[in-house]
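Colleague: Residue numbers (this note's numbering), protein chains in the order written: chain A, 1 to 449; chain B, 450 to 898; chain C, 899 to 1347; chain D, 1348 to 1796.
It is possible that part of the hints are untrue.
Pairs of lysine-lysine residues, derived as PhoX-like cross-links and limited to a Cα-Cα distance of at most 25 Å, are as follows [as the list claims (entries may be wrong)]:
| no. | chain 1 | residue 1 | chain 2 | residue 2 |
| --- | --- | --- | --- | --- |
| 1 | C | Lys926 | C | Lys938 |
| 2 | A | Lys394 | D | Lys1387 |
| 3 | A | Lys219 | A | Lys206 |
| 4 | C | Lys926 | B | Lys685 |
| 5 | B | Lys655 | B | Lys685 |
| 6 | B | Lys898 | C | Lys1292 |
| 7 | A | Lys449 | D | Lys1583 |
| 8 | B | Lys685 | B | Lys898 |
| 9 | A | Lys236 | A | Lys28 |
| 10 | A | Lys206 | D | Lys1583 |
| 11 | D | Lys1566 | D | Lys1741 |
| 12 | D | Lys1741 | D | Lys1583 |
| 13 | D | Lys1583 | D | Lys1553 |
| 14 | C | Lys1117 | C | Lys1347 |
| 15 | D | Lys1375 | A | Lys236 |
| 16 | B | Lys655 | C | Lys926 |
| 17 | B | Lys477 | B | Lys685 |
| 18 | D | Lys1741 | A | Lys206 |
| 19 | C | Lys1104 | C | Lys1117 |
| 20 | B | Lys477 | B | Lys655 |
| 21 | C | Lys1104 | B | Lys898 |
| 22 | A | Lys206 | A | Lys236 |
| 23 | A | Lys206 | A | Lys394 |
| 24 | C | Lys1104 | B | Lys843 |
| 25 | A | Lys236 | D | Lys1566 |
| 26 | B | Lys843 | B | Lys655 |
| 27 | A | Lys236 | A | Lys40 |
| 28 | B | Lys685 | C | Lys1134 |
| 29 | B | Lys655 | C | Lys1134 |
| 30 | D | Lys1387 | D | Lys1375 |
| 31 | A | Lys394 | D | Lys1741 |
| 32 | C | Lys1117 | B | Lys685 |
| 33 | D | Lys1387 | A | Lys236 |
| 34 | D | Lys1553 | D | Lys1566 |
| 35 | A | Lys449 | D | Lys1741 |
| 36 | C | Lys1347 | B | Lys843 |
Hints listed in this document are in silico derivations from the structure and should not be mistaken for laboratory results.
Here the structure is a predicted model, which is why all the values come from computation and not from measurement.
What follows is each chain in one-letter form.
There are 4 protein chains.
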Amino acid sequence: MHRWRALEHLTDNQPHGEPTMIQVSESKGVQAQSLLASYKAVRGATAEITRGLSAEDQMVQSTPDASPIKWHQAHTSWFFETFVLRQFLPEYVEFHADFHWLFNSYYVSLGDEIPEKKLRASFSRPSLEMILEFRAHVDAAMERLLAGGVEEEAIRRIVLGLNHEQQHQELALTDLKNAFFTNPLHPAYRDIVVTESEAGPLTWSKFPGGLQEIGYPLKASDPMDFSFDNETPRHKVYLEPYSLANRMISCREYLEFMADDAYDRAEFWLSEGWSAVESEGWRAPLYWQRDAADATGWKVFTLSGYRGLSELLDTPVCHVSFFEADAFARWSGCRLPTEAEWETAAAPFTLDGNLWDVGVFHPAAAGTGEGLQQMIGDCWEWTASPYTGYPGYKPLPGALGEYNGKFMSSQMILRGGSCVTPASHMRVTYRNFFQSATRWQFSGIRLAK
Amino acid sequence: MHRWRALEHLTDNQPHGEPTMIQVSESKGVQAQSLLASYKAVRGATAEITRGLSAEDQMVQSTPDASPIKWHQAHTSWFFETFVLRQFLPEYVEFHADFHWLFNSYYVSLGDEIPEKKLRASFSRPSLEMILEFRAHVDAAMERLLAGGVEEEAIRRIVLGLNHEQQHQELALTDLKNAFFTNPLHPAYRDIVVTESEAGPLTWSKFPGGLQEIGYPLKASDPMDFSFDNETPRHKVYLEPYSLANRMISCREYLEFMADDAYDRAEFWLSEGWSAVESEGWRAPLYWQRDAADATGWKVFTLSGYRGLSELLDTPVCHVSFFEADAFARWSGCRLPTEAEWETAAAPFTLDGNLWDVGVFHPAAAGTGEGLQQMIGDCWEWTASPYTGYPGYKPLPGALGEYNGKFMSSQMILRGGSCVTPASHMRVTYRNFFQSATRWQFSGIRLAK
Amino acid sequence: MHRWRALEHLTDNQPHGEPTMIQVSESKGVQAQSLLASYKAVRGATAEITRGLSAEDQMVQSTPDASPIKWHQAHTSWFFETFVLRQFLPEYVEFHADFHWLFNSYYVSLGDEIPEKKLRASFSRPSLEMILEFRAHVDAAMERLLAGGVEEEAIRRIVLGLNHEQQHQELALTDLKNAFFTNPLHPAYRDIVVTESEAGPLTWSKFPGGLQEIGYPLKASDPMDFSFDNETPRHKVYLEPYSLANRMISCREYLEFMADDAYDRAEFWLSEGWSAVESEGWRAPLYWQRDAADATGWKVFTLSGYRGLSELLDTPVCHVSFFEADAFARWSGCRLPTEAEWETAAAPFTLDGNLWDVGVFHPAAAGTGEGLQQMIGDCWEWTASPYTGYPGYKPLPGALGEYNGKFMSSQMILRGGSCVTPASHMRVTYRNFFQSATRWQFSGIRLAK
Amino acid sequence: MHRWRALEHLTDNQPHGEPTMIQVSESKGVQAQSLLASYKAVRGATAEITRGLSAEDQMVQSTPDASPIKWHQAHTSWFFETFVLRQFLPEYVEFHADFHWLFNSYYVSLGDEIPEKKLRASFSRPSLEMILEFRAHVDAAMERLLAGGVEEEAIRRIVLGLNHEQQHQELALTDLKNAFFTNPLHPAYRDIVVTESEAGPLTWSKFPGGLQEIGYPLKASDPMDFSFDNETPRHKVYLEPYSLANRMISCREYLEFMADDAYDRAEFWLSEGWSAVESEGWRAPLYWQRDAADATGWKVFTLSGYRGLSELLDTPVCHVSFFEADAFARWSGCRLPTEAEWETAAAPFTLDGNLWDVGVFHPAAAGTGEGLQQMIGDCWEWTASPYTGYPGYKPLPGALGEYNGKFMSSQMILRGGSCVTPASHMRVTYRNFFQSATRWQFSGIRLAK
C-alpha cells in the first residue's frame, strides 16, 4: 500500500515550474474537455463504488493496512484542492480550514499528539455528510477550471490526481472486503451471481527469451501521457528461454497443495515464509473459512458474501501471500515468473480482462482457449522479482523524487491488475508491490518454468 | 474495566432457582412499580447521555480499553433480554436471532475466527438505527413485564441489570472522552461553562483508628438490596491513627510536582511506575497538552473541549495513574490512604457530590469549608490497597462465583466515584479497581499520613 | 529478585553519620571477634557453594532473572570493599580500579553504551581466577579490620554485607539450577541421595485469630540486630479465625490437580494467571519434564540431576508460580494464607527445617507428626498478600529509604525460606517477594481456609 | 549468517551415491595428499584464530546472531565426524555419544524442551578442554583416512567441510569482536599496530556494460572444484554502461555524511531503513563510540581495542548496514552497484587484498594508485541486489537442494570478502548475503553511478 503514500509525497512538495520543456501538441481547450470527461468518469466511479454504504460502513478500519472509505473519499478530493485548485483556480475558496492538514496522508507528522492508527479509528468527525459536501464543492470548482483551457502543469497534476483516485478506488474495495469479513454479520457488498464455468487444463506457453525491452516509454512531451516513475526507464534485459502457465492457479489446484499438507511441511517454504505460517497460523488463503456444509469443507468470503468453495473451484486462488505463491510453485516443481518474463509475455496483449469495470469483483474461471489467459485482471500475479529501481532509474531531484524509491526494500513485484482495478488505470508495465506476507490484496499465482 | 465483564459472566450462567430463602416484605406489585420507575430512569439516562451523538460518534473505539457507545447501548439491552425477558416474560419474542451472541461481551469465544478488537472496530453493522429499535423493543417488553407483580429472582436480576447499565453509562462517557480527544478536530461533547472557584488550603482531618468495620452489610432477604460481591462480607480491620487531606490534590499542586521535575526523577516512583513513565513517555496527566497560549503552558481536554489549565487550577487533578498518584504522595512526604482508612472516614457522609447527575462532567474545585470534602464524586481516588478478597470472601459455588475474584491480582482499589458516576449507583463501600497504569478513568489523588 | 538490587542501593548512598544515637552495650572488641567468626562462616559458605564449578559454569546466565555465579562472587566482595574497607580501613588499597563500577549492580547506569543483559552475557573478563584473587584480597583486609575494635557504623554495614552475601548465596543456587537445567547435558551439581519417605495425611491446624502483632521488633540500640526495613514496624492486625494445612502440598497432590485438567480449565485461574498459562504454555511446574520411563510419566530436574517423579511424590511441589499456587488452592476449595496468618502461626516455631545447611538442596517429604510442619525451609510459601508497606512503614529520609519500597507493586509475599536458604539468614518475619509468574525460585504451596 | 546453517542442512541429508557422473582425472593418492595439506592448513588456522582465548572467552554469545567460539570449534569437527569419518573410515569410533546431536546446528529440533538461544548461553559443558580433545581425535582420524586414497564422494565432502570451517573462522572473529565490544573491559584480541596511510581521492572507473556473463563455471568432473550452489549457473546479464568508485568509502567521508545530519534526515533513507534508524537509535556505524578525547569526537572498537577515529579516517567505514550504505549513496548523489556490475568489474582481478591472512583484522586505507582498489578484502561491499536465485538456478532434488534457496527473501548481496575472510576461501563469484539491518559483519560501501 505504500505506493499510494509515496504518491502523495511526490506531489505534495512538487515545485511548480518543474516540467518546462513540455511541448503541447493539442490545443489546451480540447485537452481540457477530454480531461473533464475523464474527471467526471473517475469521480463518478467513486460514487458508484460507495453507493449503498452507510456512514458507519465508511468509517471502519479493520486492519492497520486499511483506511476508512470516507477517508479515501476525502483524501482524493484533498488532492485536487491542494495541488490543482489552490494553484490554478485563482478565485478558489477552500472548503474547510482544517481539511488541508486533516486529509494529507501524513498530517500526523504535523503534531505528535496522536498516533496515526488511533487517528483513523477515531474518525467520527468530520461526518460522511460533510465529506460528500466537500467532494461536491471540489467537483464544482474543477468543472469551472476545466471550462476554459488549462496549463500543462495543471493537466499533469489532474492526470496524476485521477490515477491517484483510481488507486484509492481499488484500495477502498480491498479495505471494504476486509471490513465486511471481520464484521460478525459478514454482510455482502453487492449481490452478484457468479456464473460457474470450467477452467481448461494447465498448459504452457514457451517464450524464446533473449535480449528484450521492458518498462514504460514515457512521452515527456505529452502532459496527458502517464506512468509512475518506477515503470521507467524502458531498458534492455536478457532472458533465458522460459515458459509461462497459460492461466492462473485455480482453487482446485490450491486445494491439492493444502491436501498434501503443504502448510505443515517446511520443505516447500522460504525460511521467512515458514516463520509467517507459524506465527500467523496460516492454514489456507485469507478469507477461506472452514464450513462443514460445503463438499470441500470450505467457504470463501467474497464481496457478495460467503460462497461455498465448491462453486469457486475453477476460479483463481486469491488473497495468498508471496510466500504461499512461492511455496505452491516449489511444491509443483515450478517457479514464479520474473517481472521481465511476465511483461515480455504480456506485451502483445490488449488490456482486456476481469477488471473492476466488468462488475464481478471476484476472480473468474479461465476459459478453455489456447494461449495465455488471465494476464490482465482477476488477481495481481506475484512475481519472483524483488522491487528495485530499473537500471538508470534516477530519483528526480528534490522532494519530487524523494518517494517512489523509498519502498524499494523487502517488497515483491506483482503484475497484471485484479478484478477491482479500474480498466483505464492498467498498463502492461504497471509495477505493483507489497511485502511478502501481504494477503489482503487480490493476489494470486501464475507459474513459470 | 474488567469488573464489568465479570458481571456479565456472573449473570450469564446464573442458575435460576438460586436465592430461594428470600422473604419478601413488600408486596410484589409495589416493588414492581418502584422497579419500573427505576428502570425508566436508568434507561432514560442512557438516552440522555447519548443525545446528539451521531452513528459515527457511537462507533468509535479509540483505545483497547474502550467500547463503541452503540455497543454499550446494545449490550445493556441484551442483558435484559437474555436474563430477564427470555425467562420471565413467556410470550417474549426476541428482536433478532443474532443479537443473543452478538452482544454477549464474550461472544468471540463462540467462534475463533475473529479477534475481539477487530470485531468492535468493524462494527458498522448492525447500525445504530437498528440498535435503537432493539432498545425500544426491550423497553416495551419490560414495561409489560413490570405491569404485574414479578418474582423475586426477576427483581434481583433487574436490579443487577440496572446497576450494570449504570456501569456502562459511566464507561460510555469515559470512552467518549477518549474518542473525542483522539479525534483530530477535538469536538466538545457538551458546552458547559465551569464556574471558576477557589479551593481552600489543604488541611488534615485526624482519625483515631482502632478496630473498625468495613464492607457492605447485605440484606439477603431484600431482593432490592444490592452490592457487588467484592464489597462483602462486612468485617473488622485494625487501623493505626491516621489523617486524611481535607480535599483532593488540585491541578495547581500537581503543577508544582511537575515543576520539580518529578517526571524525570526516579526517586519518587515505584520501580514499575518509573518503567511506565519511560515506556509511555508520560510528562503530565492524560488529556493535558502543551499550549503556549495559556499562562501555565498547558491546556486540558474536557468533555466540553479544551480549556486552558489556568481556568482549572483549583480543580482536582484527574486522569492520573496509580503510579502518578503514588509518586505525588511520595514527593509530598505523604502517602495514599488504604481503602479501610478511606471507608472508615467516609462512612458518616451522605452520598452527595459532583456526580453525573450534577451535569458538569468534570471535577470541580473544593469549597473552603472545614472537614473532609470531595469524598464522593469529582474523581475516583486511588488508594494504597491492592485489590484482594475481603477476609471471609467466598466465591459463590459454580459460575456465579467464578468471576469477581478473577481480577484480584495486579490491580489497585479506587474509592468514591467521579463526576460521571450516576448518583444512584454510588455506595461508600463501592470498590472500583484498575491496573496501576490506567489513566483513561476519571482518577485523582487524596493524601493521607 | 529485586530486593537484592534494592539492598545495594540502600547502602550505596548511605550517609556515614546516620545512626549516631546508638548505644553500644558490648565492648567493641568482643563484637569484632564475633563478627569475624560470622564473616568467615559466611564467606566460607560461598566457597563451599561454588566448590567444583568451573570458570565456564560460573559464567552462565540462563535467564534474565539470573546472574553468573562469578558475578555473585565479585559483587558480594565489592560490597565489603565499597561500604566497609574504603571507609573504615584507612590503609586499604583497592584491588582493581575498574571493579568499583564493574560490580555495582547498577553500574550500567554509569554509561549508556551497554544494555545490562548483554553485559553479563559477555562477562568472560575479568576471569574467575582474578575474581577469586579479589575475594582473597578483601578477606585479608577484613581480617585486619576486625583484628581490632570497630565502629558501630562499620558493624552495621558488615552485618548488612553478610546478609547481602547470604541472599546472593541462595540466588546463586537458584540460578545454577536453571543453568544446569538449560544445559543440554543436564549436569548434576551434587550427587545427593534423597531418602524416600512418606508424607502423612493433610490435616488442619486451627487458629483463633483476633488482634495479633506481626513484624520484626528491631532493637535500634544493637548494631548486631538486623532485619530488612520492610519487616518493620511491628504492628497490630485483626484476624478472623483460620486454619492452616499441617504441611505443604506434595507432588502427588499436585499431580491430581494436573490430572483434573487444571491447566486447561480457566475457572481455577486468576485472569492474569490464565493469560500466563496460555502465553507461557505451562503444563506442569518448572523443571518437570515428560518421561515415559517413569511410572508417573514425569521426571524432575534437581540439583542432583533428573529424578523420576515417582521418587519424589511425597515431597512438596516446588517451582510453581503464585498463579499456580492460587489455582491449586481454588481447585481444592481452599485458599492461600495471608502473610499475617502465616506469621502468627509460625511465631512459636524455632527456625529449624530443611534449609541450606542440611545439604539436601531439594524439598523433603513432611513427617507424619501432629501439628504444623515444614513452616521453615523446603520451599518458600506463596501467600495471598500483595507486597505493600506495613502500616507506619516509613521510607527513611534520603537515598537510604529510597529503595525497599520501590518494589511494592505487583508482587506477592512468600514466607518461610527454602532448602537453599542459609539457616542463619532466616527469620519468622522475613518477607520475600516476587512477581506472580515467577517460577525459578524454590516456591511451593501451603493451603489455608 | 543463514548461509552457514544452510550448508549444514545441505550436507546433513546428502544421499551418498549422488555425484556418480564424476570422472577423476588425478590419482586418488595425489588428491588425498593435497587434501591433507589443505586440511592441516585450515584446521591450523582455527587453532591460530583461537590462540590465547580463555575458556570463558570462548563461551560468550553476545548477540543472537553470534555463537560461542567453542561451539564453532566443536561444530566444524562434528562436520567431519558426521559426514566423512562415520562413512568413509570403517574403524572410526566416535568421540562422545552425545556430540552427534549436540553439535548439529539444528539439534534443538530433536527435542523441544530448550529454545536454541538459551542452549548456547548455557553451554558451560562440555568444557573447552573436552572440545579440544574432540578436535584432536577427529584430526588423528582424518590423517589416517587421508593416508591412503579416498573416494570422490569423500573428497567432495572434505572440500565442503573445509569451506565450512573457513566460514566459521570468519564468523568466529566477527562474533568475538562483538563479544569483546560488549564486555565492559573492552579487551583487545590482538595488539596490532595499524600503519597510518592516506587514501587517494575518490575517482571513477568506467565500464561499457553490454551483454556479460557472471556466476561460477563449476567443473562437475573435478571433485576438488568448489563453489556454493547459489553462485551457479554462469549466465548472461545485460548491463548499461556504468562507473564504479575506485575505492571504498572512508571513515572521513562517512563523517561528512553524519555531519550533514544524515541520521536525522528521512529523505536519504529507504522507508524501512528510517524505521531502523529510529527503532535502533543508530547515530553512527556499529562499534563507534563517542570520545571527547579524540579530535573527531569518536573512537572505534577494533580487534586491537579502541582506537581514536583520527587514526582511522582514511580506512574504509565498516560495520554499516545496507540501509546506511544505501543512504550514504543517496546522500552523495550516487547509488550502490548491482552484483552483476561488481562481478563484471572484479572479474579480471587476482584474489589479492586485505584478507585474514594479512593479519591486520581491520580494513586498511586504500593506496593512491589508478584503477579499482579494495575490490577484494577490507570490507564486504553491500550491493543494490536483493538475494535471489540466478536464472536457471535449480534447487537440487531432495534435501540436498532444500536449503540454499530458503533464504532468498529480504536479504541483500554483499561481495568481495573482508579483512577476516581467509584468502583461500574467496572467489570473485562469491555471494554473501545478510538482512538489510545487519551491522555486526565487516561490511562497507562502494559507490556506483
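Colleague: Give a verdict on every hint.
Modeller: Now the hints, each set against the structure:
1. C:Lys926 / C:Lys938: 18 Å, holds
2. A:Lys394 / D:Lys1387: Outside the cut-off at roughly 51 Å; violated.
3. A:Lys219 / A:Lys206: 32 Å, violated
4. C:Lys926 / B:Lys685: At roughly 48 Å apart (the allowed maximum being 25 Å), Lys685 of chain B and Lys926 of chain C break the hint.
5. B:Lys655 / B:Lys685: 20 Å, holds
6. B:Lys898 / C:Lys1292: Holds, at roughly 10 Å.
7. A:Lys449 / D:Lys1583: Judged against 25 Å, a Cα distance of about 18 Å means the pair holds.
8. B:Lys685 / B:Lys898: 21 Å, holds
9. A:Lys236 / A:Lys28: At roughly 35 Å apart (the allowed maximum being 25 Å), Lys28 of chain A and Lys236 of chain A break the hint.
10. A:Lys206 / D:Lys1583: 19 Å, holds
11. D:Lys1566 / D:Lys1741: Given that 25 Å is the threshold and the Cα spacing comes to 17 Å, the pair holds.
12. D:Lys1741 / D:Lys1583: Cα-Cα ~16 Å, so holds.
13. D:Lys1583 / D:Lys1553: Since the Cα atoms of Lys1583 of chain D and Lys1553 of chain D sit roughly 20 Å apart, the hinted pair holds (cutoff 25 Å).
14. C:Lys1117 / C:Lys1347: 35 Å, violated
15. D:Lys1375 / A:Lys236: Since the Cα atoms of Lys1375 of chain D and Lys236 of chain A sit roughly 48 Å apart, the hinted pair is violated (cutoff 25 Å).
16. B:Lys655 / C:Lys926: 45 Å, violated
17. B:Lys477 / B:Lys685: Since the Cα atoms of Lys477 of chain B and Lys685 of chain B sit roughly 36 Å apart, the hinted pair is violated (cutoff 25 Å).
18. D:Lys1741 / A:Lys206: 19 Å, holds
19. C:Lys1104 / C:Lys1117: Roughly 32 Å between the alpha carbons, so the hint for Lys1104 of chain C and Lys1117 of chain C is violated.
20. B:Lys477 / B:Lys655: Violated. Lys477 of chain B to Lys655 of chain B sits at ~46 Å, over the 25 Å cutoff.
21. C:Lys1104 / B:Lys898: Distance of about 36 Å is beyond 25 Å: violated.
22. A:Lys206 / A:Lys236: 20 Å, holds
23. A:Lys206 / A:Lys394: 34 Å, violated
24. C:Lys1104 / B:Lys843: Holds. Lys1104 of chain C to Lys843 of chain B sits at ~19 Å (cutoff 25 Å).
25. A:Lys236 / D:Lys1566: 31 Å, violated
26. B:Lys843 / B:Lys655: Given pair Lys843 of chain B, Lys655 of chain B is violated - Cα atoms ~34 Å apart, limit 25 Å.
27. A:Lys236 / A:Lys40: Measuring from Cα to Cα gives roughly 38 Å; hence the hint is violated.
28. B:Lys685 / C:Lys1134: Roughly 13 Å separates the two Cα atoms, so the pair holds.
29. B:Lys655 / C:Lys1134: 19 Å, holds
30. D:Lys1387 / D:Lys1375: 18 Å, holds
31. A:Lys394 / D:Lys1741: Violated. Lys394 of chain A to Lys1741 of chain D sits at ~33 Å, over the 25 Å cutoff.
32. C:Lys1117 / B:Lys685: 31 Å, violated
33. D:Lys1387 / A:Lys236: 49 Å, violated
34. D:Lys1553 / D:Lys1566: 32 Å, violated
35. A:Lys449 / D:Lys1741: Judged against 25 Å, a Cα distance of about 10 Å means the pair holds.
36. C:Lys1347 / B:Lys843: 10 Å, holds
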